[in-house]
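Build out the structure end to end from the sequences listed, making use of the hints.
Here the protein sequences line up with chains A and B, keeping their order.
Quick note: the first sequence, position 46, residue 46 per the numbering used here, numbers continuous.
Quick note: the second sequence, position 62, residue 62 per the numbering used here, numbers continuous.
Keep in mind that the hints were calculated from the coordinates and are not lab data.
Heads up, some of the hints might be wrong.
To be verified - Simulated pairs of lysine-lysine, DSS-like, Cα-Cα distance not exceeding 27 Å: (1) B:210 / B:98; (2) B:127 / A:363; (3) A:51 / B:216; (4) B:210 / A:32; (5) A:32 / B:216; (6) B:127 / A:445; (7) B:67 / B:31; (8) B:210 / A:51; (9) A:337 / B:31; (10) A:337 / A:32; (11) B:227 / B:216; (12) B:127 / A:337; (13) A:429 / A:7; (14) B:127 / A:365.
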Amino acid sequence: MSLRTFKKGGVHPPEQKLSADRPIEQLALPPKVIIPLSQHIGAPATIMVAKGDHVRVGQLIAQSGGFVSANIHASASGTVESVEPVADGTGYRRPAITIAVAGDEWMEGIDRSPTLAHDPGLAPNDILARIAEAGIVGLGGATFPTHVKLTIPTGKQANILIINAVECEPYLTSDPRVMLERGPEIMEGIALLMRAIGVSRAVVGIENNKPDAIAHLEQLAHERSGVEVQPLRVKYPQGGEKMLIKAIMGREVPSGGLPIDVGAVVVNVGTALAVYEAVLKRKPMVERVVTVTGKSLQRPSNFMVRIGTPVSALIEAAGGLPNDTGKIISGGPMMGKALLSTDVAVTKGTSGIVVLPQPEALKQKPQTCIRCARCVSACPLGLEPYLFARLSQHGRFADMEVERVMDCMECGSCFYTCPARVSLLDYIKLGKNEVGALIRARNAKK
Amino acid sequence: MNPIILYSALILAGLGAILAMVLYLVANKFKVEEDPRIDEVESVLPGANCGGCGYPGCRGFADAFVKSDNPSAMFCPVGGNKAMEAAAAIMGLSIAAKEPQVAVVRCAGSPAKRPRTAVYDSAPSCKLAATLFAGDTGCPFGCLGLGDCVRACKFDAIGIAPTTLLPVVDEERCTACGACSTACPKQVIEIRKKGAKGRRVFVSCINRDKGGVARKACGAACIGCGKCAKVCPFGAITVEQNLAYISFEQCKACRKCVSECPTGAIHEVNFPARKPTEAPAEAVSTTA
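Below you can see the structure in the form of structure tokens.
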């Protein structure tokens, strides 16, 4: 058994998987949940409830607002307190539904028993419809609506399903915990996904630093035909779907293309579990596993959390906010975003909460770029981050588009390796924003 | 004489003569007829090439001005009425004078009024910061204080005050070209008419949050209470989305709203110090 990985670029930050041995705990219901209407990439959902309405867990409270969009369900039962915008992690106010929690009353038809359900032989279209209905989005962090991803465009064909169980971000441990604790369910989910896209082969990609998860899934995979487990050499950002495809299939997704262009569909392992629950248990996406971790945190843990629970409740359950806290990050330390406040709610895309202590949290003062090109060698996509930073500084966004800034997946390897500590990734984010506006303006003209 | 030198000289001279002929013929054949007035108009423009008019530099403006069907709609904010008059004279037109304008900073959230709630540690650029987050204070609308406007100004007319950390406009130098206003990702800077003797009244806040939220974030915020709109005798003030706005056209600079505002969000500039007994009606008559 050889260890595969992608060749070009990548970095290896310290792994810091502090919470790897902590089983998933159910977090108590908070007194109030805040459910943003835009928890996915694409159009925000449309509100279907009004202030004062009584809702139950699993009730549809906001309907998908377009083709690339997702349904949103109440994650707690109670009364709708407000449908006013609420500040998200960046401080900007976004439309949201706030529910005052009372009891824990679920909608009928949702099977919450732990017994393993088996596929009764549903048609691919039924599987897709149930996934769309349940509002499943990619749980790896990019939150792309899963039913859209699984709808293969006409003229294209999927040959392989890749299950992304890499979890290459330092600190985060929710994926391996899910694999160890919910293995059989994941296998059912994989079988459903394979049927939905019509492939006979699925590969689970796991990095070699999770031997227990690899062994467990390999054992389960033996019982099924077409499912194999591929251990991978530890390297960041292997969890990016383009990198994972390169590692497993040896093929490169063309610039501006999607995995389906090379015949692959990549789905996160947590999403596979959510698909199983949505299709066979009719459970919409109302909770997810969140890693709460940090070096000075008392009890780094993995929690099963209802969507909309404030981050402060998670940190409290993990032993409270340490005094030396310098930064609280939603997501992993490489790609995650710093939070402005702990009142922010957990959304479908929150894979972890990382609490960094004071000295290491803040960026060091940037020096002048010395053109050492370390960022160029670190970029797994073969882009030139130093050039993007220069162009971005001078507002030359049209040139950034020519240099293919939109291919950047914001993994942050460039900033991680930069010896001058230039905020490369932030400049690239600005550039992507501006180039996105340019492209939209161009499309609107057509 | 060495024949090599002679031949070389003859060949070069011959080549020169032939190519000169070619150049002459080509120059005649492809001659570009350009309106001489474009050069004249360009010469009366300030030559700052700031782009404040919306054209690529002064030459671009002059070209558009000469070719325009409606040149009176165009304006050079830097050269002002003087340059426009001269340019119009070249074209044999007369253009109505425009009221002078100035950049106005509509945020008063100094650290004393608007406590910092976070630390920003990335590159010092407002545009960059605004793509990453709403700001290092509780107010997602206000000035970020990282100086994109200062870098955009070609006339050294704007700077960040060290105590308030807010931009301050030098009214003498400001040409109202609008570069700072365009550079500001939060649209904090408005290009507003200067007013008689530079006297004007404006709401120095753009926070559209509800009163309580805005007030909690910043002591100088407009809370949209509408007191100013009620007290205004000229109907110059509108409150939309929890934010008051004073229309310059209707405002008679009576300053009743300034003393009415509970948070001090309405600013008056260039007025003489108020006499304790001064009646507001007099103020109207002197400045209207």
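Taken at face value, is the distance from the CA of residue 32 of chain A to the CA of residue 337 of chain A at most 27 Å? Holds. Residue 337 of chain A to residue 32 of chain A sits at ~23 Å (cutoff 27 Å).
Given pair status - residue 365 of chain A, residue 127 of chain B, alpha carbons within 27 Å: holds (19 Å)
Is it true that the CA of residue 32 of chain A sits at most 27 Å from the CA of residue 216 of chain B? Answer holds: residue 32 of chain A to residue 216 of chain B is near 22 Å, not above 27 Å.
Holds or violated: are the alpha carbons of residue 429 of chain A and residue 7 of chain A at most 27 Å from each other? At roughly 25 Å apart (the allowed maximum being 27 Å), residue 7 of chain A and residue 429 of chain A satisfy the hint.
Would you check the hint for residue 210 of chain B and residue 32 of chain A, treating anything up to 27 Å between C-alpha atoms as holding? holds (21 Å)
Take a quick look at whether residue 210 of chain B and residue 51 of chain A sit within 27 Å of each other, Cα to Cα. holds (18 Å)
Hinted pair residue 51 of chain A and residue 216 of chain B, Cα distance within 27 Å: Status holds; Cα separation ~24 Å.
When you check the alpha-carbon spacing of residue 227 of chain B and residue 216 of chain B, does it fall within 27 Å? The hint holds at about 19 Å.
Is residue 210 of chain B close enough to residue 98 of chain B, meaning Cα to Cα at most 27 Å? violated (37 Å)
Is the hinted pair residue 127 of chain B and residue 337 of chain A satisfied, with a Cα-Cα distance of at most 27 Å? holds (17 Å)
Given pair status - residue 31 of chain B, residue 337 of chain A, alpha carbons within 27 Å: violated (60 Å)
Taking 27 Å as the top limit, are the C-alpha atoms of residue 67 of chain B and residue 31 of chain B close enough? Measuring from Cα to Cα gives roughly 19 Å; hence the hint holds.
When held up to the earlier numbered hints, the structure conflicts with 1 and 9 and fits the remainder.
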